[in-house]
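> Chain B: place on chain A using the hints.
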Amino acid sequence: MAKRFRPLETIFKVCLIAFFLLLLWMGRDYPAKSRLFPQILGGISILFILLSFVQDFLKPKGERKAEGVKKPEPASADVREETLRRLKEVEEHADDAGYVELEASLKRKRLTQGVIIILISLGIGYLGGFLLIVPFYFICFGILHGDRKKVAKYVIIAAAVTVVTYLSFTSLMGVPLLRGALWEF
Amino acid sequence: MSIYEIISLVLTWQNLVALVGGGLVGLIVGVLPGIGPAAGMALAFPLLMNLNPLTGLIFMGTLYRVSNYGGSITAIMLNTPGDASNAATILDGYPMCEKGQGGVALGLSATGALVGGILGLVVLIFFSPLLAEFALKFGPAEYLLVAVFALSIIAAVIKGATIKGLISAGIGLTLATVGYDVIAGHPRFTFGLDFLEDGVPFIQALVGFFAISQALSLSETTLAISKVGKLAGSFWVGFKLYFKYPMVIIRSTILGLWFGVLPAVGQSTSGLIAYADTLKSSKHPETFGKGEPAGVIASETATNSCMPGDLVCTIALGIPGSVGAAIFLSIMIAFGVIPGPLVFSEKADVINGLFFALILTQVFIVIVGLTLAPYLARISLIPNEIIVPAVIVVSLLGSYGIRNMMVDVILSVFFGFLGYVMKKAGFNPIPLILGLVLGEMVEKNFHRALMISGGSYGIFFSSFICKLLIFLTILSLVGPYLMPVWRRVYQAVKK
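Just so you know, the sequences run in chain order A and B.
If you count the first sequence from 1, position 9 lands on 9 in our numbering, and the numbers rise without skipping.
If you count the second sequence from 1, position 236 lands on 236 in our numbering, and the numbers rise without skipping.
Treat the hints with caution; some may be incorrect.
Straight-line Cα separation of at most 20 angstroms, EDC-like style, residue types lysine to aspartate or glutamate; simulated pairs [unchecked claim]:
| # | chain 1 | residue 1 | chain 2 | residue 2 |
| --- | --- | --- | --- | --- |
| 1 | B | K244 | B | D277 |
| 2 | B | K424 | A | E9 |
| 3 | B | K424 | A | E101 |
| 4 | B | K423 | A | E9 |
| 5 | A | K107 | B | D198 |
| 6 | B | K444 | B | D198 |
| 7 | B | K423 | A | D56 |
| 8 | B | K424 | B | E98 |
| 9 | B | K290 | B | D277 |
For the chain B half of the interface with chain A, some residues (derived, Cβ under 8 angstroms), not all of them [claimed, not checked]:
| # | residue |
| --- | --- |
| 10 | L166 |
| 11 | T174 |
| 12 | R188 |
| 13 | T287 |
| 14 | I382 |
| 15 | N384 |
| 16 | P389 |
| 17 | I392 |
| 18 | L397 |
| 19 | V409 |
| 20 | K424 |
| 21 | A425 |
If you're looking for bench data, these hints aren't it; they were derived computationally from the structure.
Idealized CB from N, CA, C, for every residue including glycine.
Only chain A is shown next, with the shape it has when bound in the complex (with noise of 0.2 angstroms):
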């Protein structure tokens, strides 16, 4: 059975009430006119994240289940095709574990790789500028998310695109692309 609050939808509601309510708060010592607009707002949107909330406990339970199993579709030649099928049906029996935890599991490792990129990524930009960003992105995500034996592919593709880039915004458009921290072209 379904849950009738889920645990990420809550946490975000929970959040977003906070924030409407840090900003009413500081928004007491605006002036009339400056806080007034966003006070109607705060109020409005706390009031719909209530709605929200009552709308999700009078939700029958086991709901959100019923709506998300479908008829398997036909088999198909192409195996790709074929497995994508078969990944859809399994996620449909989700109850039966194994494949969905394991696929589960792959994607959220998958994330937060990709988010680590991104965050190392804005320490490298923020020394060397921006332009460092960009081999490293398709290296990174080539050898994490790619083909381990296809390294050379992704470098010759990175330094492709760095070359472009460089070319096309710093030399024709003169944007400093290489302005960091540590020094600065």
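Just chain B now, with coordinates in the frame of chain A:
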């Protein structure tokens, strides 16, 4: 001026080079998420200052026009609208791409640009004075209510999550209040950060909520955007399919024209409203959001028929209907073509020539679509480990290039993470973006209306247009809940 004179005026080699050049720059600007027509025109203008006014305006007009089409390409192929005006196209364009029908969707989009644009131009050439006169009847209260109606209808479009759509719109409107207050000039909700004093930058937010969050979603899987791994259908299939929906085309064109002449509401709203209208009038609403061609047709036709209206309002009244139109207005003035009612007689050659060139631009769009669509559709087959960094790099470049500041990149990434969490929590970012776009206009008109009425909220219910808009807003919000009840009653009566 006779038609022959206008044609001979436009068909010089300089003007044709300007048309093709502006079109190509517009395509690149449109395809790069976040740059958009406004930034594209601003970047190109210093290079064109010495051209004669007609040639310069043809370049800019074509750039403006084609960038809109370019934005629909990324909306369909990468789930990332090039501009807020393409937001509705992703709702069904991207699912079509996932099904391997990217070429068909591009065909629908290009044909929408052709038909919507030409119908828009032809109608507006004849009816622009009448439309502009009616639009002038709109006061601050009416403008505020049009924006509220637009937000409510977008929230209603999101099936089963109307309240979440409204919350999302509320977040967008609230984010628009960050920075200096539009009336009193008092800084609000900046948390002491200098870069927030001018408000939450729209392009950076757009890049984050669509491009970065989409890249994160793509990074979860090892496949490509096209989950079926092959392409079905072509540009021509889309071209032919387009004309099988005549009612959608007519309704969307009318909506686009109407929203085009409303200052400051513009293209970002028209596509979404037309999408909602098509969804509600469809016999198969359950197919929307899953790759329904009518969704792409409605969005693209309305957006493209809106654009000429947007320009007419800009040229005839000097009131821009969008950020892009505002830049175009500034460029017109810089070229010595002062917008206003007299411009049609004083600069008839430039204005008529510009309108004719814009009709030619529609043909350019189809040629570009026809030649490039098969290659563009192949984007959906590129493996995720290559498309993900490409999406991130291109979109962050757009974000960085505006002010050359890493803080903009950090902001985009922040909004990207927020957008990803929102999607996972079941919140659609489209109402948020529309709220962010319309926020300043809504607040300005809210205060103006209250100033006119001496602080009485009765002004929002005073005119017939206000009452009609309130009724439509309520209907759009309550409608989805009443429809099942209505169907049951109807079936019971029928039995």
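> So, for every hint listed, does it hold in this structure?
Structure-based check of each hint:
Of the supplied pair hints, the one linking K244(B) and D277(B) holds, its CA atoms being roughly 17 angstroms apart against a limit of 20 angstroms. For the suggested pair K424(B) and E9(A), the alpha carbons sit about 8 angstroms apart, so the restraint of at most 20 angstroms is met. Simply put, K424(B) and E101(A) have alpha-carbon atoms about 17 angstroms apart, close enough for the 20 angstroms limit, and the pair holds. For the suggested pair K423(B) and E9(A), the alpha carbons sit about 10 angstroms apart, so the restraint of at most 20 angstroms is met.
A threshold of 20 angstroms between alpha carbons decides the hint, and for K107(A) with D198(B) the separation of about 38 angstroms lies outside it, so the pair is violated. Taking the CA atoms of K444(B) and D198(B), the gap is about 16 angstroms. The hint holds against a cut of 20 angstroms. With a C-alpha separation of about 17 angstroms, the suggested pairing of K423(B) with D56(A) holds against the 20 angstroms cut-off. Proposed proximity of K424(B) and E98(B) is supported: the alpha carbons are some 19 angstroms apart, at most 20 angstroms.
Between K290(B) and D277(B) the alpha-carbon distance is near 17 angstroms, which keeps this suggested pair within the 20 angstroms criterion. Look at L166(B): its Cβ gets to within about 5 angstroms of chain A, closer than 8 angstroms, so that hint holds up. For T174(B), the interface hint holds, the least distance from its beta-carbon to any beta-carbon of chain A being 5 angstroms, beneath 8 angstroms. About 6 angstroms separates the beta-carbon of R188(B) from the nearest beta-carbon of chain A, less than 8 angstroms, and the hint is met.
For T287(B), the interface hint is violated, since its Cβ never comes within 8 angstroms of a Cβ in chain A; the closest pair sits about 14 angstroms apart. At about 10 angstroms, the closest approach between the beta carbon of I382(B) and any beta carbon in chain A exceeds 8 angstroms, and the interface hint on this residue is violated. Because the closest C-beta pair between N384(B) and chain A is about 7 angstroms apart, less than 8 angstroms, the hint holds. Residue-level restraint check for P389(B) holds (minimum Cβ-Cβ distance to chain A is 4 angstroms; threshold 8 angstroms).
A cut of 8 angstroms between beta carbons decides the hint on I392(B): the least distance to chain A is about 6 angstroms, and the hint holds. Against a cut-off of 8 angstroms between C-beta atoms, the interface hint on L397(B) holds, since the closest Cβ of chain A lies about 7 angstroms away. Using the Cβ-Cβ criterion of 8 angstroms, the hint placing V409(B) at the interface with chain A is satisfied: the shortest such distance is roughly 6 angstroms. Checking K424(B) against chain A by beta carbon gives a least distance of about 6 angstroms; that is within 8 angstroms, so the hint holds.
Nearest Cβ of chain A to the Cβ of A425(B): about 4 angstroms, under the 8 angstroms cut. The hint holds.
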